[in-house]
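Model the placement of chain B on the given structure of chain A, informed by the hints.
Chains as they are written, first to last, in my numbering: chain A, 5 to 484; chain B, 5 to 484.
There could be a bad hint or two in this list.
All copies of an identical chain are treated as equivalent in the list; a pair is satisfied when it fits inside any one copy or across any two copies.
DSBU-like mimics (lysine-lysine), calculated; alpha carbons at most 35 Å apart, straight line [what the hints assert, rightly or not]: (1) LYS451 to LYS108; (2) LYS17 to LYS304; (3) LYS316 to LYS185; (4) LYS31 to LYS67; (5) LYS347 to LYS192; (6) LYS251 to LYS31; (7) LYS251 to LYS177; (8) LYS424 to LYS401; (9) LYS71 to LYS320; (10) LYS379 to LYS66; (11) LYS369 to LYS177; (12) LYS320 to LYS63; (13) LYS153 to LYS424; (14) LYS59 to LYS192; (15) LYS385 to LYS67; (16) LYS192 to LYS321; (17) LYS317 to LYS185; (18) LYS31 to LYS86; (19) LYS324 to LYS258; (20) LYS285 to LYS249; (21) LYS444 to LYS230; (22) LYS393 to LYS63.
Hints listed in this document are in silico derivations from the structure and should not be mistaken for laboratory results.
2 protein chains.
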Amino acid sequence: MMKKSEEGITVKKDENFSEWFTQLMIKSELADYSSVSGCIILRPGSYEIWEEIVKACDKLFKKINVKNAYFPLFIPESAFSKEQEHVKGFTPEVAWVTQAGNTKLNERLAVRPTSEAIMYESYSKWIRSWRDLPLLLNQWNNVVRWEFKHPVPFFRTREFLWNEMHTVFATEKEALSHGKKVMQAYNKITEELMALPGIYGRKTEKEKFAGAVFSEKMHHYLPNGKVIEGTCFHYDGQNFAKAYKIKFKDKNSKENFAYQNTHAISTRMLGTMFATHSDDKGLVIPPKLAINKIAIIPLKFERDKKILETAKKILKKLSKYSPILDDRLEVTPGYKFNEWELKGTPLRIEIGPRDLEQKQVIIVKRNDNQKIAVKIDSLEKEIPKLLNKIQKEMFDKAKKLLDENQEKTENKQELIRLIKNKKIVIAPLCDSQKCEEILKSDTSGAKALFIDSKRESIKNKRCIICNKPANYIVYIAKSY
Amino acid sequence: MMKKSEEGITVKKDENFSEWFTQLMIKSELADYSSVSGCIILRPGSYEIWEEIVKACDKLFKKINVKNAYFPLFIPESAFSKEQEHVKGFTPEVAWVTQAGNTKLNERLAVRPTSEAIMYESYSKWIRSWRDLPLLLNQWNNVVRWEFKHPVPFFRTREFLWNEMHTVFATEKEALSHGKKVMQAYNKITEELMALPGIYGRKTEKEKFAGAVFSEKMHHYLPNGKVIEGTCFHYDGQNFAKAYKIKFKDKNSKENFAYQNTHAISTRMLGTMFATHSDDKGLVIPPKLAINKIAIIPLKFERDKKILETAKKILKKLSKYSPILDDRLEVTPGYKFNEWELKGTPLRIEIGPRDLEQKQVIIVKRNDNQKIAVKIDSLEKEIPKLLNKIQKEMFDKAKKLLDENQEKTENKQELIRLIKNKKIVIAPLCDSQKCEEILKSDTSGAKALFIDSKRESIKNKRCIICNKPANYIVYIAKSY
Numbered sequence: 005m006m007k008k009s010e011e012g013i014t015v016k017k018d019e020n021f022s023e024w025f026t027q028l029m030i031k032s033e034l035a036d037y038s039s040v041s042g043c044i045i046l047r048p049g050s051y052e053i054w055e056e057i058v059k060a061c062d063k064l065f066k067k068i069n070v071k072n073a074y075f076p077l078f079i080p081e082s083a084f085s086k087e088q089e090h091v092k093g094f095t096p097e098v099a100w101v102t103q104a105g106n107t108k109l110n111e112r113l114a115v116r117p118t119s120e121a122i123m124y125e126s127y128s129k130w131i132r133s134w135r136d137l138p139l140l141l142n143q144w145n146n147v148v149r150w151e152f153k154h155p156v157p158f159f160r161t162r163e164f165l166w167n168e169m170h171t172v173f174a175t176e177k178e179a180l181s182h183g184k185k186v187m188q189a190y191n192k193i194t195e196e197l198m199a200l201p202g203i204y205g206r207k208t209e210k211e212k213f214a215g216a217v218f219s220e221k222m223h224h225y226l227p228n229g230k231v232i233e234g235t236c237f238h239y240d241g242q243n244f245a246k247a248y249k250i251k252f253k254d255k256n257s258k259e260n261f262a263y264q265n266t267h268a269i270s271t272r273m274l275g276t277m278f279a280t281h282s283d284d285k286g287l288v289i290p291p292k293l294a295i296n297k298i299a300i301i302p303l304k305f306e307r308d309k310k311i312l313e314t315a316k317k318i319l320k321k322l323s324k325y326s327p328i329l330d331d332r333l334e335v336t337p338g339y340k341f342n343e344w345e346l347k348g349t350p351l352r353i354e355i356g357p358r359d360l361e362q363k364q365v366i367i368v369k370r371n372d373n374q375k376i377a378v379k380i381d382s383l384e385k386e387i388p389k390l391l392n393k394i395q396k397e398m399f400d401k402a403k404k405l406l407d408e409n410q411e412k413t414e415n416k417q418e419l420i421r422l423i424k425n426k427k428i429v430i431a432p433l434c435d436s437q438k439c440e441e442i443l444k445s446d447t448s449g450a451k452a453l454f455i456d457s458k459r460e461s462i463k464n465k466r467c468i469i470c471n472k473p474a475n476y477i478v479y480i481a482k483s484y
Numbered sequence: 005m006m007k008k009s010e011e012g013i014t015v016k017k018d019e020n021f022s023e024w025f026t027q028l029m030i031k032s033e034l035a036d037y038s039s040v041s042g043c044i045i046l047r048p049g050s051y052e053i054w055e056e057i058v059k060a061c062d063k064l065f066k067k068i069n070v071k072n073a074y075f076p077l078f079i080p081e082s083a084f085s086k087e088q089e090h091v092k093g094f095t096p097e098v099a100w101v102t103q104a105g106n107t108k109l110n111e112r113l114a115v116r117p118t119s120e121a122i123m124y125e126s127y128s129k130w131i132r133s134w135r136d137l138p139l140l141l142n143q144w145n146n147v148v149r150w151e152f153k154h155p156v157p158f159f160r161t162r163e164f165l166w167n168e169m170h171t172v173f174a175t176e177k178e179a180l181s182h183g184k185k186v187m188q189a190y191n192k193i194t195e196e197l198m199a200l201p202g203i204y205g206r207k208t209e210k211e212k213f214a215g216a217v218f219s220e221k222m223h224h225y226l227p228n229g230k231v232i233e234g235t236c237f238h239y240d241g242q243n244f245a246k247a248y249k250i251k252f253k254d255k256n257s258k259e260n261f262a263y264q265n266t267h268a269i270s271t272r273m274l275g276t277m278f279a280t281h282s283d284d285k286g287l288v289i290p291p292k293l294a295i296n297k298i299a300i301i302p303l304k305f306e307r308d309k310k311i312l313e314t315a316k317k318i319l320k321k322l323s324k325y326s327p328i329l330d331d332r333l334e335v336t337p338g339y340k341f342n343e344w345e346l347k348g349t350p351l352r353i354e355i356g357p358r359d360l361e362q363k364q365v366i367i368v369k370r371n372d373n374q375k376i377a378v379k380i381d382s383l384e385k386e387i388p389k390l391l392n393k394i395q396k397e398m399f400d401k402a403k404k405l406l407d408e409n410q411e412k413t414e415n416k417q418e419l420i421r422l423i424k425n426k427k428i429v430i431a432p433l434c435d436s437q438k439c440e441e442i443l444k445s446d447t448s449g450a451k452a453l454f455i456d457s458k459r460e461s462i463k464n465k466r467c468i469i470c471n472k473p474a475n476y477i478v479y480i481a482k483s484y
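Bound-form chain A, shown alone:
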């Protein structure tokens, strides 16, 4: 008989986050490395959660009239190069197809790092009149960005999955209003399903999307002190419309360039979710996204067949939570506890001889190891309550971590110290790109994440770098 698992995670999250995360990914069977450097395999453990996220997004997107489509993977170099800022931003990371079979291609094909270039060519064909607007298309696909920085599973991989929503409007007002609705939809997904709080704000000019008028993003705080960008809203104004000739005749037959938005959520968010909630024992998955929400583990059932019978009855009764009955004989209960903890099942139900006598089971909550005796007759009533409770506790814990790790300062030395201590720092900055560069080098890599949207007064405030009058308050942290 196998003993208590030696297959658990062997380092602590607090002590060595990066090794902990790698072990979590491999040992929980979320993902694996492949022979393509920088690309990972999404095993069912993570991919099926991604499918749930896609499903939930699609439901919300549908409500705001967005439709799904699919555009080609490849973008001819000439099409890719039409918007100057855009091409400058992406070419350093583009993977190029130059050959097919034995034939050298006449023109190189970019493997899409994002699809503006190929989609907007079609938009310019399809859009003629105000009747064709708004055009609200979305695609779920794979994109490739050949980063040369050290790859980190989920967080920085050369291929990732995402949605890219590219919407077109007759006016700026409509564009901004729809953009807001998309962000509300994303927030429902990240907060209510992924249990991830975040802070939202507009990028500085230096950090905005290549080709956008402005970029706004959600930001999430990771336990290693790094901030990762989440869902995003790029308002492109008429920039791309001019480059790709997306024009329409309005009701007065006047021709005008259209206004455009772009939004995305990617598999990077899976990394954020796994890293935020999980612990030294393994995965912790928010109940709303856990595929199997319960592991039922009968104890000493070899001796008393009533135990296994009862476990099977419970399995059936709770079927809508896709429970797993672990009735293996070749491993000990301890081994099973470890395994389902490693895999992040939100609830474990134990049932042994004494429980059976008392017509109860012991339920163990994965997120805090709390044990609760519940009468078998009350299970259908108690399970949804417990799952909701876990979901809320997970969000609250992450929110507390995010809140506790924000600090204000106007002093550069203090800023450097705080960044070293893994804080998100709120500080005044001027709008010179040079100061953003100095900020980065003096803090060994922290950057201005976004501009404070509460528009806190900057009267009398001075840039934390150059000491000239500040233009805004920014949030600063190290990031992926």
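Relative to chain A, chain B alone:
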């Protein structure tokens, strides 16, 4: 006011299938060409149907314990080259990434034409013992095969979407049994949802999948006399297991190579479905896959607001069929009829002043233009019946076409004549690859599709090409 549409299809399906199909694709807004030669855009009209197919497949796959995962898009050349037959079969069509940013890659990366090579490397890592089997993984993704033949939208495109299921078993028996279940699942999708009958059979050695022990496929007959391959079952035996070292210890600790299957359904099937059912007026979509199953068109409602009110009540009452209410004022009813016929909405509901008086509507079936008066009170009862009726009629019509276009012969001249007349020909053949090549050149491109599975007696039969004793009866036709 716009007049009766001039935007309809201008050629007849019977007279110029290929131009008809292109117009159908563009004018029904199913798809569009892109600036990447040979790659098409799946617009919502076709993509949302693909999503329904994916959803339905996943539900059936889940019942036979298949899980979804995602593997990298790229395959290093060295990994790709491990199985000799496989690499020979695919390299002429591989798109190669040779450069990333400004850096020339050390090793070329194949854009996956299929994922055996990248998946089986991982399988060999993950599979150690009989406990790890069966391993039943599936992925939905995009693949690229750079065909140099003339591209045909949906049927032959350089990128397409599909599922590739790659399953691993301890024994041949288990492999064959699971393979059968997968094909039953596919049949449910193609027959019951897509309303597509087919004929199933095993490929000859010449036509089987590169690396397989045998390949079996479903075949569908198109109205232009060509046959297209549908869903497939490649039984790989231990071929790939030996090349990729997929070994396991059985219950007696004896090491053995595993047995493998591969299955797929692709967006090519969408082409088959659109081409089979549609007509000179446009798309005909099987009700079970139509996103909007009903178009409600109120007549003369400008004068009597009760008509529009009733139409809205019907819209609400039938909401589970995602009906569309076309209350545009700027186009005539005739224009609307044409448009919804072009887009393939299974049912049209007309409601005018006289209908209102009689508390009825006129329902028009898209597949045969039949008009039926239905009392408004009976709509909820009648609509599902009508939709089911259309679904059945569409399958039956396609089945009749398939059955009527099969002919037997043992005479080569007759074979050539029948192929010219767009028939599927059933004829005896020997197993020499040379005869298959002669067959192809003498018929201007027809090939042996598959071996008759009914195993009709070949005693005294002679190969239709070389006149030596036949080895089997084959189905012969031109194909995509």
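Hints, one by one, checked against the model:
For the homomeric pair LYS451 and LYS108, the shortest alpha-carbon distance between copies (31 Å) is at most 35 Å, but the shortest distance inside one copy (42 Å) is not. Taking the shortest alpha-carbon separations for LYS17 and LYS304, only the intra-copy value of 34 Å comes in at or below 35 Å, while the best inter-copy value is 70 Å. When the C-alpha separation of LYS316 and LYS185 is checked against a cutoff of 35 Å, the pair qualifies only between copies, where the shortest distance is 26 Å, while the shortest distance within a copy is 45 Å. In this assembly of identical chains, the alpha carbons of LYS31 and LYS67 lie at most 35 Å apart only when taken from different copies (26 Å versus 39 Å within one copy).
Taking the shortest Cα distances, LYS347 and LYS192 sit within 35 Å of each other both inside one copy (25 Å) and across copies (34 Å). Proximity of LYS251 to LYS31 under the C-alpha cut-off of 35 Å is restricted to the inter-copy arrangement: shortest distance 21 Å between copies versus 52 Å within a copy. With identical chains, the CA atoms of LYS251 and LYS177 are at most 35 Å apart within one copy only, with a shortest distance of 17 Å there and 61 Å across copies. In this assembly of identical chains, LYS424 and LYS401 lie within 35 Å of each other by CA distance solely inside one copy; the values are 23 Å within and 72 Å between copies.
For the homomeric pair LYS71 and LYS320, the shortest alpha-carbon distance between copies (21 Å) is at most 35 Å, but the shortest distance inside one copy (38 Å) is not. For the homomeric pair LYS379 and LYS66, the shortest alpha-carbon distance between copies (32 Å) is at most 35 Å, but the shortest distance inside one copy (42 Å) is not. Taking CA atoms no more than 35 Å apart as the test, LYS369 paired with LYS177 passes in neither setting, with 47 Å inside one copy and 42 Å between copies. Taking the shortest alpha-carbon separations for LYS320 and LYS63, both the intra-copy value of 29 Å and the inter-copy value of 19 Å come in at or below 35 Å.
Proximity of LYS153 and LYS424 under a CA criterion of 35 Å is satisfied intra-copy only: 21 Å inside one chain copy versus 60 Å between copies. In this assembly of identical chains, the alpha carbons of LYS59 and LYS192 lie at most 35 Å apart whether taken from the same copy (13 Å) or from different copies (23 Å). Proximity of LYS385 and LYS67 under a CA criterion of 35 Å is satisfied in both settings, with 31 Å inside one chain copy and 28 Å between copies. When the C-alpha separation of LYS192 and LYS321 is checked against a cutoff of 35 Å, the pair qualifies both within a copy, at 30 Å, and between copies, at 29 Å.
In this assembly of identical chains, the alpha carbons of LYS317 and LYS185 lie at most 35 Å apart only when taken from different copies (28 Å versus 44 Å within one copy). Taking the closest pair of Cα atoms, LYS31 and LYS86 come within 35 Å of each other only across two copies (28 Å); inside a single copy the shortest separation is 45 Å, beyond that limit. Taking identical chains as interchangeable, the C-alpha atoms of LYS324 and LYS258 are never at most 35 Å apart, the minima being 56 Å within one chain and 40 Å between chains. Taking identical chains as interchangeable, the C-alpha atoms of LYS285 and LYS249 lie at most 35 Å apart only when they sit on different chains, with a minimum of 33 Å there against 55 Å within one chain.
Only within a single protomer do LYS444 and LYS230 lie at most 35 Å apart by alpha-carbon distance; the minimum there is 14 Å, versus 63 Å between protomers. For the identical chains of this complex, LYS393 and LYS63 are neighbours both inside a copy (25 Å) and across copies (30 Å), given an alpha-carbon limit of 35 Å.
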